[in-house]
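Same order as they appear, the protein sequences are chains A and B. Residue 1 is where the first sequence starts when you use UniProt numbering, and the numbers rise one by one after that. Residue 1 is where the second sequence starts when you use UniProt numbering, and the numbers rise one by one after that.
Some hints could be false.
To be verified - Calculated lysine-lysine pairs in the PhoX-like style (CA-CA distance at most 25 Å, straight line):
{"hint": "1", "chain 1": "B", "residue 1": "327", "chain 2": "A", "residue 2": "105"}
{"hint": "2", "chain 1": "A", "residue 1": "105", "chain 2": "B", "residue 2": "577"}
{"hint": "3", "chain 1": "B", "residue 1": "192", "chain 2": "B", "residue 2": "206"}
{"hint": "4", "chain 1": "A", "residue 1": "97", "chain 2": "B", "residue 2": "327"}
{"hint": "5", "chain 1": "A", "residue 1": "42", "chain 2": "B", "residue 2": "501"}
No wet-lab data here; the hints were simulated from the structure. In this text, all values refer to a predicted model and were calculated from it rather than measured experimentally.
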Amino acid sequence: MADSAGAPRPSSSVKLVLLGEAAVGKSSLVLRFVNNDFQENKEPTIGAAFLTQKCNLPERTIKFEIWDTAGQERFASLAPMYYRNAQAALVVYDLTKPTSLIKAKHWVAELQRQATPGIVIALVGNKLDLTNDSAGSSGEGEGGGDDANDARKVPTEEAQTYAEQEDLLFFETSAKTGYNVTEVFTAIANAIPETSLKTARGPSGASGVNRSEEQRVNLNGPRDPNAKEGCAC
Amino acid sequence: MYNLSSFVQKAQQLLDPTQGLNLSDPDKNPSKASLFQSQFRLPSSQHPLYEITAELTIPPANATQGGKDRDTGFRYAGKLHISEAYLCFSTTGSSFVQSASTSTSSVFTGQTHGAGPGGNGFTFPLCAIRRVERLHSQNFQFALAITTWNGISQDAAKDKDKDKKDAREQRITLQLAGTRQACERFCDGLKKGLRAGVGNVGRLKKAVAECYSEYLLRPEDQKNANPPDVGLGMMFRYPGDVKKLRDRAKMRLWAEYLRDNGRNTTLLRQPTFHKLIRVGLPNRLRGEMWELTSGSIYLRLENPSLYTDTLAKFSGQESLAIDEIEKDLNRSLPEYPGFQSEEGIGRLRRVLTAYSWVDTDVGYCQAMNIVVAALLIYMSESQAFFLLSALCDRLVPGYYSTTMYGTLLDQKVFESLVERTMPILWEHLVKSDVQLSVVSLPWFLSLYINSMPLVFAFRVLDVFFVEGPKVLFQVGLAILRINGEELLDAADDGAFISVLKSYFARLDESAHPKSENPKLRAVTRFQELMVVAFKEFSGITHGSITELRLQNKNSVLNNIENFAKRTAIRNLGPDSKLLNADELGALYDRFYTVLYERQQRDLILKQEQARRVKSSRPRLGAMANSHDEAVEKGRVGLGPSTSLMDYDAFREFLAGMAKWAISDTPATPRRETFPEADRGFYGSVNKKSDVMLSPWGAGPEPADHEFLRRLFVKWDAGANAALTLQNVVTGLARIKGKRDILGIITYFFELHDDDGDGKVDREGILRMSEALLFLSRRGLEGTLSPSNSTLTLSTGGGSQGDVSGQSINERFLGSVSAFIRRCFEYADPDHPNNHFASPQQKQPLVEMDDDQLADPDAFSIGDDDDDEDDLLEMESPAASPKTGPRSHALDKQASSIRLDSMSTAPSNAPSNNRRVSKAQSERANIALDPSNPLHITLPTFRMVVLADELLEQFFESSFPASFHIIEGLQSSATASSSLTTFSNLGLGAGRAVGAAFGGAPGAQAPAGGRGLRGVLDNIVTDGMRVAQEVVRRMEEAQKELERNAVPGQRNDEEDDEEDDDPAPAGKSVAYRGDAERRSVRSSDRDLLAGVDAEASDVTVSAAGTRRASVGQGSNGDNQQGPAGGAGSKVVGVEFDG
Ligand SMILES: Nc1nc2c(ncn2[C@@H]2O[C@H](COP(=O)(O)OP(=O)(O)OP(=O)(O)O)[C@@H](O)[C@H]2O)c(=O)[nH]1
Ligand SMILES: [Mg+2]
């Protein structure tokens, strides 16, 4: 089952799901990644939204099938429907809201127990622009909030330590400024093991299907003229 | 394995949850009342009181116009109903007889299949009826002429003079068909209702004043007044192109219809009404028609000021829902200008907030913001508020609940409908691993408002409010069928979604752009969608949806519950780590099963009471079905229910896993309430409902002992008089989780240290020993060392009759009595200046050597002065583990020796023993003197416990092991049966205990109050007799226990008169009783199995019914052409607007 044999770079699709408390900026991260755009009044996600975006790695092309889920607590019971078969997950919290990290930890635990074994999980602290060590300056702040006008409530170390414990990728981002957003997706793309790519979509991931997938991506295109550029890597 | 859902299912089958999702078992008929309420969209306060066949005559269209062709008017045959406050008529021969099921009723109710005001007729509030005249008809039948308050909101004074010729006077006649008696009875009922309704005319007037029709139909010269608030559309324009929508033409048609047929509450439904709705409502009437067809207007009529009252009442208060609402206000239909303004946002905020207060179970769910925003374009805040309530309660129940079970359930239903009607597409979806609900869930959840362009979504809503939730399914199926070919090409979720996205974007285009026929070309894709939905999928009825919901309900709820369980367990605090996953899972199940079962029992008891009350005074009219109130509750999957365990539930919870928590002396509410039930075979109840009717269900009656109360209070960390799952887990984790004897000893001590000052007083000591006896009265569990005791017994020349099991219990009694004695011996006098001396008093025990033990007089209370270091060491809890083992090691030896001497005493050396005990008792008597208050501290307690091997083992193993979290008591019954032989202890133990106090074996104290409490109280006044009394009471309790375990074997009269049974008899009874107890249990299980059997019969026949009707349904669909033939496009022009 060779993936599009003649193509310069093998391309495979990766199902990625976004989880996290309501209004932490899941949809905004996706919008930034897919459309390089940001909206101040983003509609809440009902159920889930679906978008795709390619990410070109030196060795291969990854097409992300992104499932952006609703964050309100009561939608949690729908989540298994969306993270089913996901190979990657972005668990997002809001750097300015400690409770959102707790929720994020719950999601990590849920995924580790219930999702595809070997799922690549990235923990993402969003809204870095609201803190002092915002976009541009180093993401690895030394001590977290030093200043009075710093809205940061979750110190980098706290989340980082947790991420290391649980073997997660870890980033602090801003969907608003775009800081670190593509990096998250690139890191995930790199972290997906080659083996899991082959079996990505089960038996139906045959070549014929791949061809039509390619077309669909273009169908999706009109929404998103920049999509073909893929991520910055 | 212990499985919550199977229990839940069992409990559910004993119920008839007809309300809520309307998920009644089709064989257990949905109540007449709920059918009636559904059909006429009436509030749950309404019940069908009288009904009669009748013929409705609507006079020629407009009396003043005096049309030529329409002289005869319109006649409809149907059924007339009276409820508490409504007079309803429908041509759809109503089937509100007791035997009506959902499916049979749908046969009669036409278009809406029993779920809406289908057919022709009316729904008049009785207060809207102005006059009823009895007409004299030739054929001696009853004929009534009814004049309504049509147009009541107009200025009454002006109307008076031109009353007669006023165009708006609405008069219909009803010819009753029935026996004279039936007619008379009906008329009496009507009269009564009318009289009661008179007072509501004012309310009616106020309510209808908010309807646009009142303004619309006003004569031109009176149109000076402002029109009522009919939504943001008045200010910000209505969505869509007025011309394209042909809004004016529609308005004219409606004006004519309303003029002829009455407006709002006095509207008559004729065929044109339904047609007018199908072509789309005009903007200004849309809100009013939505509230009329959904029935929310009747809710508003019932309580016109509820909306403003609610806002006023909760003004300024905060809630989680409000926070969530606030987050979404700016993100609701942001493309509509009204929601870019403070006006629109303010309205949205108020409606959502008010609703979150009145329906706290729902609160706020994302998607409600979108739905309410849509409603607010067409209606006032108050109208939207009531319509939201009708949505959540009746139209899409469970969609927005905290578990969203309604949403998930309808997705399952939708999937199975797709599978049935479009098998090829379904197969494709399965093969390409596309999850349909991922696409369709938002359709249902936001009622298509977010999926289609607004103008089209509103057209769907127009029909949805009349015809009910089946419309959502029909439209969804039609979307898939129309796009079938393209969808068959789509190979993944992404492709699937993009096909549908582009379809929705082009709904206004021609469905047949290349057709020669200009008429065909003019048909838009949306019109095509409506035709396919309602023609091709006409087989989708309310009945079939109800049945599919019923079929899928359990699996959906189970999924939700599994998820909830997983989440709940994961989110338990760090304490939960002390228990393993199985234990946590079992605890979760036990916790919610108890709560659920208690709730169901409560419900059944209430219904039973209601039934009895009713049957005691049978009234023909009051047919209100008791099932109406049977709102299913308590199941985790259904959303918020109790998650708090009160004390009684806690008792029941414990009795399910610890045998000491089962009552010895069942108080007999079961017998009192249901005398016939308990006398059957083995005294078991053999009717399933009776099992549920017992206050404790099928389980044993839990004990009610002070220890349980203390445990409850201790676990109730928040002092809420109720436990959360977290409380229970934390509580148990501390007992069972650590396997740390010192921790458990401390726990036990703290349990009895009421004021938390680290001291337990005389009373407390007695309570502790009482608790020890309570906990051990059914035998000890866990790892004990019987061999050791046998050894010492035999070296002491003990009796040969002792079997290890008995000797342990015997020894434990001895241990407890030694415990009491030692506690008093080493207690500290309760004087302020002695406080600091207290720790030192323990020292002797630690340093005690064998000689001292042999002669207890060798040391005395407080005679030793120790250095500060020791004091600190003893007091500091951190140091105690170090101290513990040391003293423990010493005492182990000591206690075994002492035990030895005690145990041998009864058989061998009473005199010797008495000599030793005498000295002890003297000392004890000093301690027992109530005028010398005293207390023990934790270190003392710890040492006293550790001084006794059995007590030590009790805390180390027995007590933690007595909680059978995972396996429960049923499976441990075999293990425990060999231990439950207290009566076997006979005199031996009695003497042992008695000897400990140096008492005479024969001494008898007068029987105190019931229970050990009274007995132990005596210790204060007479230490000598207590122990014997304790034993005697223990034996009695044991006998009683055994008697109660075999109610079928013995006559109930014997219950309380057996106190004087000689021990040997008691012994033999005990053996028999033990065996019988087991057999009662298994017969209980048989009963349960019987229930199962019955329930499964029901299920089987229900399934049969379902198959039959589904068969019909799919036949109907097949006639439309090959299922899944996605290309087939049906064209119709009936619905062009
Ligand atoms: N300052 C700042 N605001 C952000 C950032 N990302 C998102 N937001 C804002 O946070 C709010 C919520 O963003 P969403 O992307 O809708 O959040 P979500 O997690 O998708 O929310 P749900 O769909 O309800 O679960 C919006 O008002 C965004 O504008 C960020 O990086 N910085
Ligand atoms: Mg979102």
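Hint by hint, here is what the structure shows:
| no. | hint | verdict |
| --- | --- | --- |
| 1 | B:327 to A:105 | 23 Å, holds |
| 2 | A:105 to B:577 | 16 Å, holds |
| 3 | B:192 to B:206 | 23 Å, holds |
| 4 | A:97 to B:327 | 14 Å, holds |
| 5 | A:42 to B:501 | 19 Å, holds |
Checked against the numbered hints above, the structure breaks none of them.
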